[in-house]
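Once you've looked at the hints, go ahead and assemble the two chains, each given alone in its own frame, into the complex.
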Amino acid sequence: QQPVQSPQAVILREGEDAVINCSSSKALYSVHWYRQKHGEAPVFLMILLKGGEQKGHEKISASFNEKKQQSSLYLTASQLSYSGTYFCGTVTENAGGTSYGKLTFGQGTILTVHP
Amino acid sequence: DVKVTQSSRYLVKRTGEKVFLECVQDMDHENMFWYRQDPGLGLRLIYFSYDVKMKEKGDIPEGYSVSREKKERFSLILESASTNQTSMYLCASSFGAGSEKLFFGSGTQLSVL
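First to last, the sequence lines map onto chains A and B.
Last residue of the first sequence? That's 115 in the numbering used here, and every number before it is there in order.
Last residue of the second sequence? That's 1113 in the numbering used here, and every number before it is there in order.
With the rest of the complex left out, here is chain B (with noise of 0.2 angstroms):
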């Protein structure tokens, strides 16, 4: 089975620190996505890439920054972390071109104080 992992499941952060959430997948996949998760919002699009070094934002990429240098690493990166990122901060990766399914990681609770 696919493995997507992101590398804390909880984080806790200061207003204005640099923030890194990583994600790992083991299936070869050539593209990989950050999405974030609010109640009542679902689940929006931040950052995404098809390929290493390749990257595309999503619809909420403000605030955000995203780092691929190897295939199996996707990294999302808030510059500046503010109270209204807190959330859950969720990884995915998928196969090809199509319109393919999504492997999701569980997830990272963010909470910026």
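The following block holds chain A by itself, in its conformation from the complex (with noise of 0.2 angstroms):
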């Protein structure tokens, strides 16, 4: 079952912060989240271990709740460049260390900055 990413969209001015959510019916192992430009592949941002550790990348950093079973993306000061879809991509528990990068997606978050 696909993790449930929130809100569907979000529309920023520069220099505003966001925040995206990740939710599973599901234990999960790890969270990944994924950037993907118009036209372009998806990149990858950052991995969180199941622990609640909380990881950064430029101005943006992540959460991972494994009790929630909910991941959250926190977007600071954006800027033009952040503009995409973000993606969520689960590894549950039972997969654990062999999951041979195998995910499971969100739907995910189209994220516009305007100047």
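Just so you know, these hints were derived from the structure itself, not from any lab.
Treat the hints loosely; a few may be bogus.
To be verified - Partial chain B-side listing against chain A, Cβ under 7 angstroms, derived:
(1) Met1027
(2) Gly1040
(3) Gly1042
(4) Leu1043
(5) Phe1048
(6) Lys1101
(7) Phe1104
(8) Gly1105
(9) Gln1109
Unchecked claim - Below, computed lysine-lysine pairings styled on PhoX-like, alpha-carbon distance capped at 25 angstroms:
(10) Lys68/A with Lys1071/B
(11) Lys1101/B with Lys50/A
(12) Lys37/A with Lys59/A
(13) Lys50/A with Lys67/A
(14) Lys1055/B with Lys1101/B
(15) Lys59/A with Lys26/A
(16) Lys1055/B with Lys1018/B
(17) Lys1053/B with Lys1101/B
(18) Lys67/A with Lys1101/B
(19) Lys26/A with Lys1070/B
(20) Lys1018/B with Lys26/A
(21) Lys1071/B with Lys37/A
(22) Lys37/A with Lys1101/B
(23) Lys1070/B with Lys1055/B
(24) Lys26/A with Lys37/A
(25) Lys1101/B with Lys59/A
(26) Lys1070/B with Lys1057/B
(27) Lys1018/B with Lys1057/B
(28) Lys1101/B with Lys1018/B
(29) Lys1018/B with Lys1071/B
(30) Lys1101/B with Lys1070/B
(31) Lys26/A with Lys67/A
(32) Lys1070/B with Lys1053/B
(33) Lys1101/B with Lys1057/B
Note that CB positions come from ideal geometry on N, CA and C, so glycine has one too.
Printed below as a string of structure tokens:
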């Protein structure tokens, strides 16, 4: 079953912040985040393993709450280059460390940043 | 940098045709994947392979088959294309058995008329 992302779309002005959520009905081993710009391949942002760690990448960070089976992606002081579709991908706990990179993706969140 | 190359960016086929989508990666990755991307549905896994000649079904394998004769190449086959297979197809690869990051190709937009 696919994780559910919210919101489906968000529109920002440069410098504003946004949060994208990813919720699963299953216990998770890891959560991955990818960004896809229009007409391009999805690009890896970060992986969060169970343990509730928070990771960062430039002004983009994420958290993973394994008890709630949720992850959130935080974009602070957004830039025009942040526009794109963000996907979370999950590995369930029973797949654990032998998932071979096989992910179940959410439906995506379209982020648009205006000047 | 890892490069995942898909042979066609756009493809138009007729209903009932046999269609081959080709994907090549240049970083000696063990694992290769075919995803289908549709608006509002995200990326859904069709098939994946963790070794040469090894394959496993993903979440939506019906109507598709795959072939992996060489480590660097993973082909997706539509035996008899149908209009509901019109979609963006993304190939990806990864290294190792763990929760590894994926490297994606730019995609093939397939239209079945």
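Taking each numbered hint in turn, which are not upheld by the structure, reported in ascending numerical order?
-> 1, 9, 10, 15, 19, 20, 21, 24, 28
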